[in-house]
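Undergrad: Quick note, the sequences are listed as chains A and B, same order. Here this note's numbering is used: the first residue of the first sequence is 1, the next is one more, and so on. Here this note's numbering is used: the first residue of the second sequence is 1001, the next is one more, and so on.
None of these hints come from the bench; they were simulated from the model. Since we're looking at a predicted model, the values are computed, not measured. Don't be surprised by glycine CBs; every beta carbon is placed ideally from N, CA and C. Take these hints with a grain of salt, some might be off.
Claimed, not checked - Chain B stretches covered by chain A per the calculated footprint, using a threshold of three residues with CB under 8 Å from any CB of chain A:
(1) 1080 to 1087
(2) 1297 to 1303
Unchecked claim - Short, incomplete list of chain B residues facing chain A, as computed with Cβ under 10 Å:
(3) Ile1032
(4) Ile1065
(5) Val1069
(6) Lys1070
(7) Gly1073
(8) Tyr1077
(9) Phe1249
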Amino acid sequence: MSEFLTGLLRLRRGPWEMVATILIALGVFMLMQPFVLWAFTYSFIVTLIGTVMFIIVSHFPE
Amino acid sequence: MSDRTVDRVAQATPERVARKIRGLSDRAIAWIFISPTIFLLLAINIFPLIWTIQLSFTNYKANRIGREVKDVGLRNYERILTDSDTWLNMQATAHFLFWTIFFQVLIGFALAWLINKKFKGNDLWTTIIVLPMMLSPAVVGNFWKFLYQPQIGLFNYIVSWFTGKDPSSFEMLGSVTLAPWAIVIVDTWMWTPFVMLICLAGLRSIPDYIYEAAEIDRASKLRQFFTITIPMVLPFLMLAVLFRGIENFKMFDLVVQLTGGGPGSVTELTSINLKREAFEKWRTGYASAYAIILFVTVFGLASIYVKALNKVKQR
């Protein structure tokens, strides 16, 4: 866990890509879940943030 | 021989052209070669994407040329993401996605595990199993439409043979409860072989010495399966899940052929809904915003897919 946080603070690719991946997966889940409409409403912005973040952080050093 | 050909070509080239070519740097020649591809990419992919993004902020209707196009800001996005009908379409897509991937992974992995065992006629069975994915989705859709016919369809007769029900007492494509499962069955039939091939590649990449070491340590077959086979095939499975997920998220042709989105809108997947908004209701601006939402979702999933692919490559 501390390695993950250090990676985040040092702007390393691995942990940041993990955060972006989680955001994308969360956005897709929110888009398709059958439980609450508000999650569907905010799904696009979550996926968009995750996707843009993924594009940016994939240029970070390993 | 080749030297002579080269000399002949060099001699045949007019002096004026030869001088021009000689004056070009390697970089310039590289640009000359790739520029048609770049031009096509810009014209076919990038320009429509930028135009769609621009249209998604307007009330543009493609069937009303000359009508004033107003800027509506984020209203199209707001209407889509607060619309309960669109939410239902997403749920229909989610049902289709979840169950197709679940069955395809389960059956695909089981088939790969069986095919990986050496037996007589192994190659023949692999070819037979792989046949469905080589067919066109339109052909498969029509073909299964006949199989699902309540009066003459083979599917209903097989079900009635097992359950004792009258074959014409249920309609797979006409029933609100059965139609979502009907499309899941057809997609599973068509694409399980693809998952099987990916799993087979994963199973064949596991070196025999790992199993031999486990045998020496007296690990049971079940233990070997859960501690060697599953972890080593997992990246490949992940790849298959992502690939099928992206493909099924965009599913259109097969479902249109089978149900056309009906009965009602229970099998109206997002891509069918998008086509209706764009080319039946002619709400181009709204449909553009819808397309951008789907594009961002698929792009996000594709990013994870590329990451998973790189992990598999590193193995």
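Undergrad: Determine for every hint whether it applies to the structure shown.
TA: Status of each hint after checking the structure:
{"no.": "1", "hint": "1080 to 1087", "result": "holds (count 4)"}
{"no.": "2", "hint": "1297 to 1303", "result": "holds (count 5)"}
{"no.": "3", "hint": "Ile1032", "result": "violated, 29 Å"}
{"no.": "4", "hint": "Ile1065", "result": "violated, 30 Å"}
{"no.": "5", "hint": "Val1069", "result": "violated, 23 Å"}
{"no.": "6", "hint": "Lys1070", "result": "violated, 22 Å"}
{"no.": "7", "hint": "Gly1073", "result": "violated, 15 Å"}
{"no.": "8", "hint": "Tyr1077", "result": "holds, 7 Å"}
{"no.": "9", "hint": "Phe1249", "result": "holds, 9 Å"}
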